[in-house]
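Sequence lines, in order, name chains A and B. Residue 14 in this note's numbering is what sits at position 14 of the first sequence, and the numbering runs on without skipping anything. Residue 39 in this note's numbering is what sits at position 39 of the second sequence, and the numbering runs on without skipping anything.
Think of the hints as simulated: they come from the structure by calculation, not from any bench. Note that the coordinates shown come from a computational prediction; the quantities given were computed from them, not determined experimentally. You may find that some hints are simply not true.
Just so you know, same-sequence chains aren't split out, so a pair can sit in one copy or run between any two.
Calculated lysine to any residue pairs in the SDA-like style (CA-CA distance at most 20 angstroms, straight line) [stated by the list, open to error]:
hint, residue 1, residue 2
1, Lys321, Ser309
2, Lys142, Asp20
3, Lys142, Gly37
4, Lys172, Phe281
5, Lys15, Ser147
6, Lys142, Gly22
7, Lys172, Pro125
8, Lys142, Met36
9, Lys172, Arg262
10, Lys34, Ala140
11, Lys142, Pro21
12, Lys321, Glu6
13, Lys15, Asp27
14, Lys290, Ala279
15, Lys321, Ser8
16, Lys321, Ala306
17, Lys15, Ala230
18, Lys34, Ala80
19, Lys34, Asn141
20, Lys34, Gly22
21, Lys142, Ser25
22, Lys15, Gly233
23, Lys15, Ala231
24, Lys321, Gly259
25, Lys34, Pro139
26, Lys142, Leu26
Each chain, letter by letter, is given below.
2 protein chains.
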Amino acid sequence: MTASGEDSLIARYFKPIATDPGAFSLDDDAALLKAMGADIVVTTDAIVEGVHFLSGDPPETIARKALRVNLSDLAAKGAAPAGFVLTLALRAADDAWLRPFAAALGDDAKSYACPLLGGDTVSTPGPLTISITAFGRVPANKVVHRSGAQRGDRVVVTGTIGDAVLGLDILKGGAVASALAGDDAALQLLVGRYRVPQPRNALAAVIRAHASAAMDVSDGLAGDLTKLCAASGVSAAIHAPGIPLSRPAATLVANRTVGIDRLITGGDDYEILCTIPDAEFEAFARDARKAGVAVTAIGAVIAGNAIPSFLDAHGRELALKRRSWSHF
Amino acid sequence: MTASGEDSLIARYFKPIATDPGAFSLDDDAALLKAMGADIVVTTDAIVEGVHFLSGDPPETIARKALRVNLSDLAAKGAAPAGFVLTLALRAADDAWLRPFAAALGDDAKSYACPLLGGDTVSTPGPLTISITAFGRVPANKVVHRSGAQRGDRVVVTGTIGDAVLGLDILKGGAVASALAGDDAALQLLVGRYRVPQPRNALAAVIRAHASAAMDVSDGLAGDLTKLCAASGVSAAIHAPGIPLSRPAATLVANRTVGIDRLITGGDDYEILCTIPDAEFEAFARDARKAGVAVTAIGAVIAGNAIPSFLDAHGRELALKRRSWSHF
Chain A
1 MTASGEDSLI
11 ARYFKPIATD
21 PGAFSLDDDA
31 ALLKAMGADI
41 VVTTDAIVEG
51 VHFLSGDPPE
61 TIARKALRVN
71 LSDLAAKGAA
81 PAGFVLTLAL
91 RAADDAWLRP
101 FAAALGDDAK
111 SYACPLLGGD
121 TVSTPGPLTI
131 SITAFGRVPA
141 NKVVHRSGAQ
151 RGDRVVVTGT
161 IGDAVLGLDI
171 LKGGAVASAL
181 AGDDAALQLL
191 VGRYRVPQPR
201 NALAAVIRAH
211 ASAAMDVSDG
221 LAGDLTKLCA
231 ASGVSAAIHA
241 PGIPLSRPAA
251 TLVANRTVGI
261 DRLITGGDDY
271 EILCTIPDAE
281 FEAFARDARK
291 AGVAVTAIGA
301 VIAGNAIPSF
311 LDAHGRELAL
321 KRRSWSHF
Chain B
1 MTASGEDSLI
11 ARYFKPIATD
21 PGAFSLDDDA
31 ALLKAMGADI
41 VVTTDAIVEG
51 VHFLSGDPPE
61 TIARKALRVN
71 LSDLAAKGAA
81 PAGFVLTLAL
91 RAADDAWLRP
101 FAAALGDDAK
111 SYACPLLGGD
121 TVSTPGPLTI
131 SITAFGRVPA
141 NKVVHRSGAQ
151 RGDRVVVTGT
161 IGDAVLGLDI
171 LKGGAVASAL
181 AGDDAALQLL
191 VGRYRVPQPR
201 NALAAVIRAH
211 ASAAMDVSDG
221 LAGDLTKLCA
231 ASGVSAAIHA
241 PGIPLSRPAA
251 TLVANRTVGI
261 DRLITGGDDY
271 EILCTIPDAE
281 FEAFARDARK
291 AGVAVTAIGA
301 VIAGNAIPSF
311 LDAHGRELAL
321 KRRSWSHF
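If we strip away everything but chain A, and leave its shape as in the complex, we get (with noise of 0.2 angstroms):
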């Protein structure tokens, strides 16, 4: 039986990572996923050629920033990754980018336990675009919203924020790039956050014990903010010289490169925002440390429905002059 290319395509790179019973080994119109008394989180994000990755950037970092954005929503949201269906719209079937691309998704699911129950391979005169749709299960009535946020709680963000951001102006060949020449350690850490996102999934169980709310960190931390205060109804105030910078981000910042507003309304960032009431701070600090996430506490809560203020060094307000990233 001659198999189509597009049949022949998937057996030869998907399936061998498709080991999920639910999967049906992709011989099936669709597959199965078993909630096992949870509720299910479903999260879709996709990546485009051009706007979410450059042509240039390899096929594993591209596999992996395609699942991993993903990730960081359930993570977010208290959820334990479950599985993704994957849709992959391509020029043409190339062995020499599908083989690496296939292989590296297959370690990210392993890693994640988050297997791949299935997809759909479709041709397109235009960019390459993944789409992917991720699952994860969270104990029943136990998600975590955007909307929980209190008066008074603490706003926390994991990780580093602004890195991606510089690593796609070294792609792109910009000021970062010959601020930071010769500095190669440095150069790698940046362009490494924006290829390939470490979502916070070893927080998600911490985040559903102690969080308030939670939202990640994809648009910038300044637009997400406003998002995540919006849908609660409070405001906030955020000490931004407390907000956590990985070291070439602080010297850039320390060296006049870049300014801080930058940094927070780049986006790519994929940590996770959430507030924590002040009674749990410690509890939520202790459990995260155990987790293996670095947290730090950028501000609170406060009242209103004014846009979330950041605050510099002398108290004064920075001028945010666009808050987020947005395709249109």
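With chain A held as given, fit chain B onto it using these hints.
Showing chain B alone in chain A's frame:
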């Protein structure tokens, strides 16, 4: 608070149709799907401008097709629709296009009880691409596979086969368009079948009750039957003159404008192909009638691993050059 263009687009067009409580009004990072004790069936299908629909197709029909190709998979698996997420890759946020697109999508979501749960809207320099992942609920361990067909089972299809490929030919100004010139009812019927599939969700419970195997016919009957037989480890013999055709399709075959081979290899039918144990067939046919879905037995499952054969009125095997549509 000024919303970004992307947020405002979502607020204007998609919030009004995301009325399910699990969608959280599209104000969160993820949606919630309650399994309610069922297994969750997951299917994903993307449609690309210029590949699965034409640039000139109305936004309403594009919306309906995007959702319905997924509903068709749920029906074939015996699942009741539970919801869907949408990824829309757009060149621009064009209100005149988005308004009717979202309205038609909302209509179909309501008619098929398949609520919009979430999505992602991204910009693309390439063709409009719509990727939908749909969910269904099926009683635990009752999903219908491709792999259960047994020797002696009847091979059955719903509706009529081959209309969509004729509709596409008409839209492209091919020979079918000239052959049917003046017969507006026929032209409209065939174009409608290409643009707006009629998924057989009314038959899902009947499939679950009686079918040994099932799938939807999306890439052409011949190729899809080949897949079902391969998954089941059987072969099949089909009486080609018994394949149900619409009046216009039958006329075009009778006057030799097209051959039956074109109709069974063209794809885009979105009918259900299933196998029914002979002893179940009467009960199946009765239940299908009650559900209001036309079903036709077209052949039998036979032993062996030969490619299924399609026999003409004289018992001669049809030579099929290409069994199904493939993207690559």
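A quick look at each hint next to the structure:
In this assembly of identical chains, the alpha carbons of Lys321 and Ser309 lie at most 20 angstroms apart only when taken from the same copy (13 angstroms versus 67 angstroms across copies). In this homomeric assembly, Lys142 and Asp20 come within 20 angstroms of each other (Cα to Cα) only across copies, at 18 angstroms, whereas the closest approach inside a single copy is 26 angstroms. When the C-alpha separation of Lys142 and Gly37 is checked against a cutoff of 20 angstroms, the pair qualifies both within a copy, at 12 angstroms, and between copies, at 17 angstroms. With identical chains, the CA atoms of Lys172 and Phe281 are never at most 20 angstroms apart, being 40 angstroms at best within one copy and 64 angstroms at best between copies.
Proximity of Lys15 to Ser147 under the C-alpha cut-off of 20 angstroms is restricted to the inter-copy arrangement: shortest distance 17 angstroms between copies versus 40 angstroms within a copy. Taking the shortest Cα distances, Lys142 and Gly22 sit within 20 angstroms of each other only across copies (13 angstroms), while inside one copy they are farther apart (25 angstroms). When the C-alpha separation of Lys172 and Pro125 is checked against a cutoff of 20 angstroms, the pair qualifies only between copies, where the shortest distance is 19 angstroms, while the shortest distance within a copy is 25 angstroms. With identical chains, the CA atoms of Lys142 and Met36 are at most 20 angstroms apart both within one copy (15 angstroms) and between copies (15 angstroms).
With identical chains, the CA atoms of Lys172 and Arg262 are at most 20 angstroms apart within one copy only, with a shortest distance of 16 angstroms there and 50 angstroms across copies. Taking CA atoms no more than 20 angstroms apart as the test, Lys34 paired with Ala140 passes in both settings, with 14 angstroms inside one copy and 8 angstroms between copies. With identical chains, the CA atoms of Lys142 and Pro21 are at most 20 angstroms apart between copies only, with a shortest distance of 15 angstroms across copies and 27 angstroms within one. Taking the closest pair of Cα atoms, Lys321 and Glu6 come within 20 angstroms of each other only across two copies (17 angstroms); inside a single copy the shortest separation is 46 angstroms, beyond that limit.
Taking the closest pair of Cα atoms, Lys15 and Asp27 come within 20 angstroms of each other only inside a single copy of the chain (9 angstroms); across copies the shortest separation is 35 angstroms, beyond that limit. Proximity of Lys290 and Ala279 under a CA criterion of 20 angstroms is satisfied intra-copy only: 19 angstroms inside one chain copy versus 61 angstroms between copies. In this homomeric assembly, Lys321 and Ser8 come within 20 angstroms of each other (Cα to Cα) only across copies, at 18 angstroms, whereas the closest approach inside a single copy is 50 angstroms. With identical chains, the CA atoms of Lys321 and Ala306 are at most 20 angstroms apart within one copy only, with a shortest distance of 16 angstroms there and 67 angstroms across copies.
Taking identical chains as interchangeable, the C-alpha atoms of Lys15 and Ala230 lie at most 20 angstroms apart only when they sit on different chains, with a minimum of 16 angstroms there against 43 angstroms within one chain. When the C-alpha separation of Lys34 and Ala80 is checked against a cutoff of 20 angstroms, the pair qualifies both within a copy, at 13 angstroms, and between copies, at 15 angstroms. Taking the shortest Cα distances, Lys34 and Asn141 sit within 20 angstroms of each other both inside one copy (17 angstroms) and across copies (10 angstroms). Proximity of Lys34 and Gly22 under a CA criterion of 20 angstroms is satisfied in both settings, with 8 angstroms inside one chain copy and 18 angstroms between copies.
In this homomeric assembly, Lys142 and Ser25 come within 20 angstroms of each other (Cα to Cα) only across copies, at 18 angstroms, whereas the closest approach inside a single copy is 32 angstroms. Taking the shortest alpha-carbon separations for Lys15 and Gly233, only the inter-copy value of 18 angstroms comes in at or below 20 angstroms, while the best intra-copy value is 46 angstroms. Taking CA atoms no more than 20 angstroms apart as the test, Lys15 paired with Ala231 passes between copies only; the shortest distance there is 14 angstroms, against 41 angstroms inside one copy. When the C-alpha separation of Lys321 and Gly259 is checked against a cutoff of 20 angstroms, the pair qualifies only within one copy, where the shortest distance is 12 angstroms, while the shortest distance between copies is 63 angstroms.
In this assembly of identical chains, the alpha carbons of Lys34 and Pro139 lie at most 20 angstroms apart whether taken from the same copy (14 angstroms) or from different copies (11 angstroms). With identical chains, the CA atoms of Lys142 and Leu26 are at most 20 angstroms apart between copies only, with a shortest distance of 18 angstroms across copies and 32 angstroms within one.
Consistency note: the structure conflicts with earlier hint 4 alone.
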